[in-house]
Amino acid sequence: MAHVLYIEDEREIGEWVEKDLTARGHQVTWLTSGEGLDSYISQSDIMILDVMLPGLDGFSIGRRIKKDHATLPILMLSARTSVEDKVEGLDFADDYLTKPFHPDELAARVEVLLRRFQKQNEIIELQHLIIHTKDGLVVNRETEKEIQLTGKQFHLFQFFLKHLNQILTKEQLYEGVWGERYLEGDKTLMVHIRYLREKIEKNPASPTIIETIRGIGYRVKL
Amino acid sequence: MNRFMKSLLAKYMVIIFMAIIVVQIAYFIVGSIAILGFDLGHKEDVDANNVEEKWHKAVQNLNMVTQEEITNLFNEWKVHYPEAGMFWVDGDGRMQVELDATEGLPKQWSIIDIVKFNKERYDGDPFTVMAFAGDKENESLVVFEVPRTIFDPPLITASQKYGYLILVGVLGFIILFIVVSFVFFRRIQKRLLRLQDAMGIRDENGLPIEVVTKKEDEIGQLEKSFNHMVTEIRASRMREQKEEQVRRELIANLSHDLRTPLTKVRAQAYTIKQQHLSEEGETALRAIEISIDNIDRLIDNLMSYTLLMASKYQFVPKEIDISRFVRESLATWYPAFEKDNFEIQVSLESLNNWHVDPIWMGRILDNLFQNILRHAKDGKYIGVQSENIDQFEAIVILDHGKGLDKESEEKGAGIGLAIVDMMVKGMSLEWEIETSEQGTTIRIKRPKKGVND
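Going line by line, the protein sequences match chains A and B.
Just so you know, our numbering puts 126 at position 126 of the first sequence, and the rest follows in order with no gaps.
Just so you know, our numbering puts 266 at position 44 of the second sequence, and the rest follows in order with no gaps.
Where hints are given, some of them may not hold.
A few chain A residues that don't get close to chain B, going by computed Cβ distances all over 12 Å [unchecked claim]:
id, residue
1, T32
2, S39
3, R64
4, G136
5, I147
6, V177
7, K202
Below, in silico cross-link-like pairs of lysine-lysine (BS3-like), each with a Cα-Cα straight-line distance of 27 Å or less [to be verified]:
id, chain 1, residue 1, chain 2, residue 2
8, A, K86, B, K534
9, A, K66, A, K134
10, B, K495, A, K19
11, A, K221, B, K602
12, B, K300, B, K276
13, B, K279, A, K19
14, A, K221, B, K561
15, B, K446, B, K436
16, B, K540, A, K86
17, B, K561, A, K162
18, B, K338, B, K279
19, B, K540, A, K170
20, A, K152, A, K162
21, B, K667, A, K170
22, A, K86, B, K647
23, B, K540, B, K561
24, A, K221, B, K599
25, B, K300, B, K338
26, A, K202, A, K221
27, B, K464, A, K86
28, A, K170, A, K187
29, B, K561, B, K599
30, B, K534, B, K667
31, A, K134, A, K145
32, B, K436, B, K233
33, A, K86, B, K486
34, A, K170, A, K202
35, B, K446, B, K228
36, A, K66, A, K162
37, A, K170, B, K647
38, A, K134, A, K221
39, A, K187, A, K199
40, A, K202, B, K561
Hints listed in this document are in silico derivations from the structure and should not be mistaken for laboratory results.
Please read all numbers here as calculations on a predicted model, not as lab measurements.
Don't be surprised by glycine CBs; every beta carbon is placed ideally from N, CA and C.
Work the whole structure out from these sequences, hints included.
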């Protein structure tokens, strides 16, 4: 459960989103303009921001808030879909979703952002694993034993967990974990994935946690 | 008038004018030097007659025709005429006094000698004056001889002596004139070339930059006109950008105003969905959902199409690793294909970097993947491959649908492919579609340099 700060001037849409996110277990504070916004920021885990607002527009509000609160994820939710708007939005915001959106999609993106910013000490249950993301603890539910991962292995696993359900290419993984440019033919990543699988998979020969997506990359699906 | 004085024409006129004047002045100066320099010595008696008369007079005026008197006379004249020769033959035909006279003259003069000498020297060179001295009983001959050149006019003398100097001077002057003209035109040429270079420079917006005007002449005027033009182009570009901004804004607002009610429709439909519905109600609601998605996509395509047609779609090309780009794009579509049970085959080898706008490229792939999801569902297959042959590199997207010629239940594909077409061509790429009942193959090609050119 997270605290969602939601700015939307269209009443019908606002009510709907507030209701839907609340039903999904979040606590929603819905404002119809940027006025009085500051008093809610400190207790919020994520902000959903419309662009066309009375008074200050969403871009200006978002930019200001991101400057002071870099760790607060901001999701722009707008009916403005032009390339320029998206580019401007993503300049500071962490995600940009266009209307008319599907509520499942909004909820999924909120989850992704919360996970990426580690707003909660999330406990992820993944097949036979229980993972405490903040403490870096991985437990085998069946044996009730902790699985010891090396720093790099946990780092890699954590990167997958931050991007749950997303397919990550070799380049994205390598650059995300090692922070260096991936060079074609580099085997480092594959070696680390093999070691990681040996530790967390029930049967490393046919992995089910870290899926191989042929020709594209890898995925950890919840 | 002031402007004329600053012009190149005026400057060149001055050079020409100076050239003409200097020639005249040079002749005048040379002449003056000749006259002043050579005329001083023989102011009065440049004339032969004058010399003759004076000699006769001088000889007659002798008091006594003695050796001493004659010698004095000779010395006196020698001062005046250094080149002259003189001698005295007495009544007995004996050469008494001789001063620098022509060599080979007899010491003893007979009548015949005198007549012969007289005949020889008459109108000859040296100029010779023979005067008789003394009284009738004791007449003697006093001869004065001088080279005729001393009677030449001074200019001729000067030209004979210093003619080469005049030639050298004239030649020098012609060379000087050519050099001055050359330097003059060379400088004009250099300035023009510099101007040409300056006109070729572009700022970050691809606009020409103003040049610095240093002189007020014709080239200076040209530079000013150029600067004026640059200012106008800038103003025009600003206007254009403003119009573009307004147009984009209008389209963005229109899009926004269409999507907002569409979102409300979805909100209401979703609310209805939460109720317990009959099967018919569920079906109707699903139809509404699909229609919302279709309208959404159509609005998007329509806006993009309008912007592309007007060349107002933001275009920022850069070098991208195309295989990686396609792989990442496909990764986002993968779940959608997976959900519809597609067989997904990916075989992307590393290709060269492509110089494309990632947003455009993403849009092209989105439209093509979406088309497959909507129109080639029956095939349950999508293949994405790279191709690298001599003529081109390509990204190939295959499906096993019923082909593009078959009327799909939706006709929205047209505008989506029109956008793909415009974007592909806009990025100097090529594409081709092979479609049949068995499936469709779309190839986006980047021609290799040097093959097509």
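Could you work out which earlier hints the structure fails to respect and list their numbers in ascending sequence? Checked against the structure, the hints that fail are numbers 13, 23 and 37, while the rest are satisfied.
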